[in-house]
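Engineer: Read top to bottom, the protein sequences are chains A and B. In this text, residue positions in the first sequence follow our numbering: the first is 1, and each later residue adds one. In this text, residue positions in the second sequence follow our numbering: the first is 1, and each later residue adds one.
In case anyone wonders, no lab produced these hints; they're calculated from the structure. There are no misleading hints in this set.
Derived Cβ-Cβ restraints for the label pairs, each shown as a range: (1) A:Leu25 - B:Cys113: 27 to 35 Å; (2) A:His23 - B:Asp115: 23 to 31 Å; (3) A:His23 - B:Arg71: 36 to 44 Å; (4) B:Ala107 - A:Ala53: 32 to 40 Å.
For clarity, every value in this text was computed on a predicted model and none was experimentally measured. Cβ coordinates follow ideal geometry from the N, Cα and C atoms, glycine included.
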Amino acid sequence: MRLRIYVTLKPGVLDPQGKAIEHALAGLGFQGVAGARVGKLIELDVTDGTADADVEAMCRQLLANTVIENYRIERA
Amino acid sequence: MKTAVIVFPGSNCDRDIAVALERVTGRAPAMVWHRDTDLPQDVGLVAVPGGFSYGDYLRSGAMAARSPIMRAVASGAERGLPVLGVCNGFQVLTEAGLLPGALMRNAGLNFVCRDVSLTVDNAQSAFTSRYTAGEQVVFPVAHHDGNYVADAETLDRLEGEGRVAFRYAEPINGSARDIAGVLSARGNVLGLMPHPERRVEPAHGGDDGRRLFEGLLETVGA
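Could you put together the complete structure from these sequences and hints?
Structural biologist: Below, the structure written as structure tokens:
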């Protein structure tokens, strides 16, 4: 079973990479980009039937730093 | 005093901090590999050095914080063992939950590598007893992810409890409230981005960092 874990910065946490991307897009002439935020996508291949609680624990203990990041789990 | 330096794959300031510790304590520290599960007996200080542990994979310090030896470091810290994390070591200690907050990409996106002026905010800790509160010192920095982030409540608590050890005299990386180094609630864990171990003898351009190690030796015991 494949899981997709999306790790994103919490709202309000400054994202300098996102800012740089936003400015670079404007520099290329693209209008109307009001914001850019950079996150991560982590794909995990796990045994079928892996408990939700285990996946949550993986996210909290390693995949995301919950001081600054949120995560969302998607079952592919 | 017996000391230990933790070595991860990708550590690169482990030797620098070992030399500084040996100069001040008169004994070479034990170099402890990340896969070890125990610290040597009777160590009075553990140093988590700078570098790029695990190539900064996932997040700076994230993988190192979950390595076997860090369980021993965490339980030592819980018992009151002094733990010093410098640069990547600071990142490791926040990732391990031994210090609050997180270290993010520098606000200017640049790797900052130069001498910086710091203000000593708390001169009462085991790490800063040889400094004077409000004193300015110069330590080198060399980091890409030194932008200290925590929520306002945490920052207020750190300031209220005197847990900001050092601040940048002027902003260099976007750190909240110019925080350069923070102490644990009990005061026995210090993490800081600047490198005191690279400033311990006149040939380094100054020796402001030496007093951090001397103070530790004095407060932690010979």
